[in-house]
Amino acid sequence: ETGVTQSPTHLIKTRGQQVTLRCSSQSGHNTVSWYQQALGQGPQFIFQYYREEENGRGNFPPRFSGLQFPNYSSELNVNALELDDSALYLCASSPNQGNYGYTFGSGTRLTVV
Amino acid sequence: GDSVTQMEGPVTLSEEAFLTINCTYTATGYPSLFWYVQYPGEGLQLLLKATKADDKGSNKGFEATYRKETTSFHLEKGSVQVSDSAVYFCALTGGGYNKLIFGAGTRLAVHP
Numbered sequence: 013e014t015g016v017t018q019s020p021t022h023l024i025k026t027r028g029q030q031v032t033l034r035c036s037s038q039s040g041h042n043t044v045s046w047y048q049q050a051l052g053q054g055p056q057f058i059f060q061y062y063r064e065e066e067n068g069r070g071n072f073p074p075r076f077s078g079l080q081f082p083n084y085s086s087e088l089n090v091n092a093l094e095l096d097d098s099a100l101y102l103c104a105s106s107p108n109q110g111n112y113g114y115t116f117g118s119g120t121r122l123t124v125v
Numbered sequence: 002g003d004s005v006t007q008m009e010g011p012v013t014l015s016e017e018a019f020l021t022i023n024c025t026y027t028a029t030g031y032p033s034l035f036w037y038v039q040y041p042g043e044g045l046q047l048l049l050k051a052t053k054a055d056d057k058g059s060n061k062g063f064e065a066t067y068r069k070e071t072t073s074f075h076l077e078k079g080s081v082q083v084s085d086s087a088v089y090f091c092a093l094t095g096g097g098y099n100k101l102i103f104g105a106g107t108r109l110a111v112h113p
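Chains as they are written, first to last, in our numbering: chain Z, 13 to 125; chain D, 2 to 113.
Each hint should be verified, as a subset may be incorrect.
For the chain D half of the interface with chain Z, some residues (derived, Cβ under 10 angstroms), not all of them [said to hold, decoys possible]:
#1 V5
#2 L45
#3 Q82
Everything labelled a hint here was simulated from the structure, so no lab data went into it.
Positions of the beta carbon are idealized from the N, C-alpha and C atoms, including for glycine.
The task is simple: from the sequences and hints, build the whole structure.
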């Protein structure tokens with residue numbers, strides 16, 4: 013079975029631009045979560061989608077938004093990029109809202125200049 | 002709110018040394034506990050987990066026991082290898098909807 017795949021792997025954007033990151037969840041997984049990992053820190057929870065509905069959100073501003081599609085793949089959108097948005101963005105999927113843990117993708121490294 | 006505290010790194014060991022990375026947590030309810038590992042330039046890989054008090058998670062020679070009385074989940078390995086060099090994250094599921102709450106991570110460097 014394929015795991016969690018994310019695209020692109022690296023991205024450079026200019027402050028004020030918008031970006032879309034993509035994630036394909038592991039086969040059979042209906043829950044997708046997104047995390048932001050700044051350099052040298054642990055990942056921070058952004059939000060979670062379960063069967064196409066957002067069912068949890070961390071302490072991130074509304075310019076961070078997302079979608080989950082019927083095939084359970086997901087997008088993370090960030091508007092009005094700021095320099096502090098530079099980070100590794102991780103997608104994680106689970107078969108049942110994380111009751112037994114999550115499988116992570118390799119991440120998208122976003123650099124905002 | 003729920004939180005995880007890990008020992009600061011880096012931890013530097015010689016090959017075949019004994020490893021302990023301390024992790025303590027604060028949580029309401031009964032969280033599940035996890036150790037994830039991150040190799041350079043990669044995402045997170047689940048190393049082991051424990052879902053209730055006194056459970057022991059184990060994988061690839063690593064072990065950790067869920068200690069409710071001391072709110073701890075320390076990671077141990079009897080004999081580390083150079084290939085174990087990575088950053089290790091302790092985490093719990095909490096705060097509703099099973100989101101993962103991570104510690105800051107501990108970098109391990111193993112030398113031949």
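Going through the hints against the structure:
1. V5: Since chain Z brings a Cβ to about 8 angstroms from V5/D, closer than 10 angstroms, the hint holds.
2. L45: 4 angstroms, holds
3. Q82: This hint is violated: Q82/D lies away from chain Z, its Cβ roughly 23 angstroms from the closest one there, beyond 10 angstroms.
The structure is inconsistent with hint 3 alone, although it conforms to all the rest.
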